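Asker: Protein chains in written order, with this note's numbering: chain Z, 2 to 148; chain P, 19 to 290.
Derived by calculation from the structure, the hints in this document are not laboratory data. One or more of the hints may lead you astray.
In silico negatives: residues of chain P with every beta carbon more than 10 Å from chain Z [to be verified]: (1) G28; (2) A32; (3) A158.
Label-pair ranges, simulated between beta-carbon atoms [stated by the list, open to error]: (4) L80/P <-> E114/Z: 22 to 28 Å; (5) V111/Z <-> S60/P: 28 to 34 Å; (6) P233/P <-> V69/Z: 29 to 35 Å; (7) G132/Z <-> W57/P: 41 to 47 Å; (8) A136/Z <-> W57/P: 52 to 58 Å; (9) G132/Z <-> L80/P: 53 to 59 Å; (10) I88/P <-> R103/Z: 19 to 25 Å; (11) V69/Z <-> G248/P: 17 to 23 Å; (12) V79/Z <-> L234/P: 48 to 54 Å; (13) T179/P <-> T129/Z: 21 to 27 Å; (14) F83/Z <-> R76/P: 42 to 48 Å; (15) L234/P <-> I118/Z: 50 to 56 Å.
Stretches of chain Z that chain P covers, calculated by requiring three or more beta carbons in the stretch to come under 8 Å of a beta carbon on chain P [stated by the list, open to error]: (16) 39-51; (17) 101-108.
All figures in this text were calculated on a predicted structure; none of them were measured in a lab. Note that the Cβ used here is the ideal one computed from N, Cα and C, for glycine as well.
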Amino acid sequence: MNQLALLQNALVVGAILFSLGLVGILTRRNLIVMFLSAELMLQGISVSLVAWSRYHGDFGGHVLVIFVLTVAACEAAVALVFVLQAFARTGRLDSAAWQSLRESNLPRRVDHELPAIDTVPPTFPRLTPAGVLPAADENDLLQREHV
Amino acid sequence: MIAVALPSPGVILAGAVTAAAASLWLLLPRGAESRVARWLGSLLGAAALAGFVLTGRRLGGLGEEAVFLIVSLVAVISGAATIVSRSPVYSAIWFALALAGVSGVLLVLGAQFLGVATIVVYAGAILVMFLFVLMLAQPAGLAPYDRVSNEPLLSALAGATLLGLLTLSIGRLSADPSCCQMPSKAAAMAAGSAGKSGDDVQAGDAIDTAIATDPLAADQVARLGGELFGRHLLAVEAAGVLLLVALVGSIAVVSRHGDPSGELAPARRAAS
């Protein structure tokens, strides 16, 4: 296998994952999705580290990724606690609910009215009734009431 | 035989990065939903992926290329779906699929322990924790803040610029020893323990590095453990302390400042 080609391809995959996570953490307003984007960036870094490790024939990248996993677990635990606290205070998972913490020279974010979601009610297939409706058995009905 | 006049890799890469930016901008939630934007965004995203696949280097074997292509496409497509999904629950599920792809890439790269650990730790523990929080905190239906995003155009441009710069610099990597090939410490240590002299290390560098982290070796994970608990023992201890501190800290934060609405306060008074 061409080691340099493998390194480059894996680094490109890591770069794509990292960029996707960056875009997600910049744009999304849901706190949970922001954390998922941060974890996506960590995954991109892990792929890059292991690719370099493979190329150099060294376990350094592997060891670093193990510590990344550890710190990610700690970070998720602590951060989710804060997310829950934020939700308990505002009732929303919205990062813009905390925009009073912004810099004083930044404009306030104003939410405009959103158009209603044009959800089409789902249509389920209906079975055509076939045969004759059986006569109701009284004993059966009595037993069913106790269920 | 079939001479297809492909543009140069730089042109393909620039087109792919531009298509990725446009695709992300179209796919990110922007309030008004339109089916056309979604389809166009998906098409542009597929074009961007095709560009990246075209500019990728050949690995040498058809099977390896196919496996690497499949797992990396799973990782990248699911990663994109993670950040463009409106519902955070769908985001979490897509992230689980992205983790599966990433662990596949790690397996291709010869990191068996990490491939399995990613699934176990991330998908098994961290993601389930995310889903628990979503279950506790998610309002019914789509929240308004899930249907809009902060500056989608600027963010997509920033992400695409970063991606373009990274891929450009990755494409310039070469096997020139003065540039990127550092002498491997593991190879040097392996050679040193075998009693070789320094000149042999330089000469047999490629062979020794192939042996040091050989993914097909039966004791590869054992070697990783030896490295982890040998050279990095202090860091392992520090990580253990970090885990303990995170555990104690999160419990302390929850139990002290929890629930300002006071719903659980009588219960806590009764308990104490």
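Asker: Could you say whether the range 50 to 56 Å given as a hint is met by the Cβ separation of L234/P and I118/Z?
Answerer: Since L234/P and I118/Z have Cβ atoms about 53 Å apart, the given range 50 to 56 Å holds.
Asker: Can you confirm whether chain P covers the segment 101-108 of chain Z, using C-beta to C-beta distances below 8 Å and requiring at least three such residues?
Answerer: With 0 residues close enough to chain P, the hint is violated.
Asker: Against chain Z, does A158/P hold up as non-interface, every C-beta pair farther apart than 10 Å?
Answerer: Holds: least Cβ distance 13 Å, greater than 10 Å.
Asker: Can you let me know if the beta-carbon spacing of G132/Z and L80/P is within 53 to 59 Å?
Answerer: Roughly 57 Å apart at Cβ, these two residues keep to the hinted range, so it holds.
Asker: Within 22 to 28 Å: is that where the Cβ-Cβ distance between L80/P and E114/Z falls?
Answerer: violated (55 Å)
Asker: Assuming the hint says 52 to 58 Å, is it satisfied by the Cβ distance from A136/Z to W57/P or not?
Answerer: holds (54 Å)
Asker: In this structure, is the beta-carbon distance linking V79/Z and L234/P contained in 48 to 54 Å?
Answerer: Taking Cβ atoms as reference, V79/Z and L234/P lie about 39 Å apart, which means the hint is violated.
Asker: Quick check on a hinted range of 42 to 48 Å for F83/Z and R76/P, using CB atoms only.
Answerer: holds (47 Å)
Asker: May I ask you to check that G28/P keeps its beta-carbon over 10 Å from the closest beta-carbon of chain Z?
Answerer: Nearest chain Z Cβ is 14 Å from G28/P, so the label holds.
Asker: Given the hint of 21 to 27 Å, is the C-beta distance from T179/P to T129/Z inside that range or not?
Answerer: Given a distance of about 58 Å, which is not inside 21 to 27 Å, the answer is violated.
Asker: How does the segment 39-51 of chain Z fare against chain P when you require at least three residues with a CB closer than 8 Å, holds or violated?
Answerer: This one holds; 6 residues, not fewer than the three required, reach chain P with a Cβ under 8 Å.
Asker: Check the following: the C-beta atoms of G132/Z and W57/P are separated by a distance inside 41 to 47 Å.
Answerer: Given range 41 to 47 Å: holds, Cβ gap about 45 Å.
Of the hints listed earlier, those the structure fails to meet are numbers 4, 6, 10, 12, 13 and 17, in rising order.
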